[in-house]
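Novice: What follows is the residue order along each chain.
Number of protein chains: 2
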Amino acid sequence: MRLSSYFVPTLREEPTERDIPSLRLLLKAGYIRRIAAGVYTFLPLGFAVYKKIENIVREEMNRAGGIEIFMPALNPAELWQESERWTNFGPELFKLKDRTGRDFCLAPTHEEVSVEIVRRTIKSYRQLPLLIYHIQTKFRDEPRPRGGLIRAKEFVMKDLYSFDRDEKGLDESFEKIRQAYERILQRLKLPYLILEAEAGAIGGKYTLEFTVPTPSGEDEVILCRSCGYASSKSIAMIGDSEVPQGEETPLRKVHTPNLKTVQEVASFLSTTPDRLVKTLLYIADGRYVAALVRGDRELSESKLSLAIGAKSLQMADGETIEKLTGAPMGFSGPVNLREDVLIVADKEVAKMKGFITGANEEDFHLIGVVPGRDFSISMVADIRLAVAGDPCPKCQGKLEEIRGIEVGHIFKLGTEYSEKMKAYFQDEDGSLKPFVMGCYGLGVSRLVSAVAEIYHDEDGLCWPISVAPFDLIIILVNTQDDVQRETADKIYAQLSQKMSVLYDDREESPGVKFKDADLIGIPIQIVVGRKAMENKVELRVRRTREREDVSLEEIEDRVLSLWERLKEE
Amino acid sequence: MRLSSYFVPTLREEPTERDIPSLRLLLKAGYIRRIAAGVYTFLPLGFAVYKKIENIVREEMNRAGGIEIFMPALNPAELWQESERWTNFGPELFKLKDRTGRDFCLAPTHEEVSVEIVRRTIKSYRQLPLLIYHIQTKFRDEPRPRGGLIRAKEFVMKDLYSFDRDEKGLDESFEKIRQAYERILQRLKLPYLILEAEAGAIGGKYTLEFTVPTPSGEDEVILCRSCGYASSKSIAMIGDSEVPQGEETPLRKVHTPNLKTVQEVASFLSTTPDRLVKTLLYIADGRYVAALVRGDRELSESKLSLAIGAKSLQMADGETIEKLTGAPMGFSGPVNLREDVLIVADKEVAKMKGFITGANEEDFHLIGVVPGRDFSISMVADIRLAVAGDPCPKCQGKLEEIRGIEVGHIFKLGTEYSEKMKAYFQDEDGSLKPFVMGCYGLGVSRLVSAVAEIYHDEDGLCWPISVAPFDLIIILVNTQDDVQRETADKIYAQLSQKMSVLYDDREESPGVKFKDADLIGIPIQIVVGRKAMENKVELRVRRTREREDVSLEEIEDRVLSLWERLKEE
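Residue numbers (the numbering used here), protein chains in the order written: chain A, 1356 to 1924; chain B, 1356 to 1924.
Please note that the accuracy of each hint is not assured.
A pair holds if it fits inside one copy or across any two, identical chains being indistinguishable in the list.
Result set (DSS-like, lysine-lysine): computed pairs, CA atoms no more than 30 angstroms apart in a straight line [as the list claims (entries may be wrong)]:
hint : residue 1 : residue 2
1    : LYS1560   : LYS1478
2    : LYS1406   : LYS1678
3    : LYS1886   : LYS1478
4    : LYS1922   : LYS1870
5    : LYS1853   : LYS1753
In case anyone wonders, no lab produced these hints; they're calculated from the structure.
Values in this document were obtained by computation on a predicted structure and should not be read as measured data.
Chain A with its partners taken away, still in its complex shape (with noise of 0.2 angstroms):
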């Protein structure tokens, strides 16, 4: 392709939007354009990229035995309110009407278009497995667009369907798509973690997150180098440490006047914040519950639902405060709640004694209290948010916190759509039972900004080749001299044969050609330029900045062998 007839409007200004450098970079490159917050355009050498890793994403479906399909983005409200998710899915779901008033959203996930597909043509476990997918546009209402491509309102997904006739296939499929993202991110040449985490509004008992660790990523991740244990920050667990236990000493109130902060209470009473323990109230469906961590700590509300198996999980008001403690927010401690009270607490605070808690009374503390004695744990569980520092939960090593994208999120689903949505097989023995699902996405253009993310330096882009949108870049320098553009010419017809090439003939300076060539970050350069003259050209690899004349007898050969180790790397 040559670059004079071709569309890359790289940009000499810096773009305004540059919140993490693949963003400001894909925009001066002229990969993308911005249309409206978190709506993009493809340019054509982001389209390039885009497609380049659509297709490895579509061999390695396919090759997991994922059968291609499309679905499409407007869905009836209908099948959405079979699944309950019309209503709960929340302001993330555009919604919109036809002129006839008839209700459609614009599909963020696909779980009820292929469970209507499946009930209404799988009748009997012979035809199962069957895993189907769709690489597909999907919207979803963000409120706070960010980086691009990362979290736009209009992205394209993979999204894969397993359908199974019981756990154990559920097991395998999960597998084989699980083996297959690890195939695609190696491809990619993306290092990545594969975290547990969070279902969110997809649902599902078991869930794995692909995350490719970056500083400008917007997920937190709990890490131990030591074991490879990765969680999302949200539900990481802590292993066990040792607490300073403290003394049973008698309770006492005191009196604490307009002190409500931990650090405030805990100075007033010349002691460290590690000696208090928060009491925090939440209506876990329908139930009370008061969550106990140490003073210095903050819990984990996603760790708190999984430990008691809360679907839903709101925190008191000052009302109910009042109503289950007899004190206003601030003073609330376990010792002599009200019974109904569920009293989970953090696995450190179990084998704390004599420590500090409101005294459920305005204005006053209890100080020396000690569970079994003073108040009764319901639950102990591991509730509390881990940091770096904590103790790794598999091998008691040091955690660490990290910063990640996530690319893709894989679900066991199990029958909680199939059932919703009524979706039934016969089984071998003539019973009717419902299909075991898998859902598993990853986000396809997300993952263009993801490989910028990891791939690029100060002077641009620098992509691996197996996504670059040409292999090759040849730079004439000065497009007046015969010698230099019959040279260059004459190589750009020699390699298309062989590979993708542009050849950027533009009457520009060189300097202007040498900074688009670095900012644009085709893997490897050829410069044609005064020693053309004595038949040579430099040949460059971008990422690692190797520069070395060639003459143009040995060029095919040394940019075929350099092809192929950069295709190693």
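We have chain A; now place chain B onto it with these hints.
Specialist: Relative to chain A, chain B alone:
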């Protein structure tokens, strides 16, 4: 691909939706499934056909110099307000709001976004021409979805936008894409007509429509088989024909009580409808217009609009008619009309003398009306609707009426959008000029139905090999017979190296397998049955019903040469 592990849910019963044959067959053969009115899922076979068509379209667009990008479906209202189509596009435009209350539409076409991209990136005539396209899912709130993929609410279109320096450049771009469309339709083995057509909501000065002639199509086409003239019926021109002129008789007023229709008046006056002239009153861009056509003819509002250069045309209501004629509806005539009414006579009427019209007085008609003597014609034009039997405007041959499916529509837009949206480039002389635009739509998903509409018979689909989901199907008659199974396995392994093969290895009766193979319509069939014991299989051609026994030694060569033949056909 083994059918036993694929997903081809053919139906035994007849689908309820079957308004045109291709819809019935695409549903029955398991190519598509309905999700809502006008909203479909492509199942694996349907998606395979779609992908083949998409690839042909992409290849030809690239060959014509098109550069592929990918524009979003979510379009901010602001862009459509600039082009004035936010209100002018009509109720087909799906509108929605995001959570912040901002207005968006789901784009049914991308003039606005393409102009937005180009006006921000192209500054100089040196960067022109630019032809950008995408293949993308579009939305249109159709009042009456029809024919499955033919008129759907969600569909895939290829749309290309050309940006040129001047009209000459536009003509060249237009011609390139016109030729590319012809190549595409030829590769899809589709018969087609290129029609003169109306621009509709897209606008522009000159448009051509690509239509596949078929009785089930919803577009009405006027065609001359002698010279090839073809036009959308609404704007088809009509050649000159001999008109019985009549005689110049005195003007007389006759009482015609309670007679309103042309037929009633003609009968009452013992004459034929072709001796009457209808006077139809309109408001065109605020002006009053009376259109005169012979009593047995229909007016074409489109031709009237074109003749008088009107942007809007509404039929006058009863009140306006009374104001202009002094009489109620049904008695209008050209004699003594209010002076500010433009009288446009069809060219046939202009030749007539002594005809009958309304008298502009309730229950009265005039007979013996002579143009020039009794009233003045403001403009003579070809404004009546063409019908079968009319003379061709080019060769005076006999026009025919047929029906067709519009698959493509290309427009010379000129500077309409670039001026409204302030999209300028700097020309060689330093002046700022608006881009001269063209736009070019092709219904990619609709083409799946169009091909199916042309290629089917009473037993099912019979795809041309260029778009068939597989080249070959192997039908294993008896899965329990070792010889048959081993023979089929061997042929499957052998031919899968050369072409795409579907292998019906299901445990179904031979009858079901033969029926399904004919229904899904893969071009080449190999039947592995009892003759496998004699080292023979049956080779069949789906469309022509050719059948012959072929030995196993010869089968590969025979299939390959048949395959080549079918590709040429």
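Novice: Look at each hint and say if it fits the structure.
Specialist: Hints versus structure:
1. LYS1560 <-> LYS1478: within (25 angstroms within a copy, 55 angstroms between copies)
2. LYS1406 <-> LYS1678: For LYS1406 and LYS1678, the Cα distance exceeds 30 angstroms both inside one copy (59 angstroms) and across copies (64 angstroms).
3. LYS1886 <-> LYS1478: neither (71 angstroms within a copy, 34 angstroms between copies)
4. LYS1922 <-> LYS1870: within (24 angstroms within a copy, 48 angstroms between copies)
5. LYS1853 <-> LYS1753: Classified as neither: same-chain Cα gap 50 angstroms, cross-chain 56 angstroms, threshold 30 angstroms.
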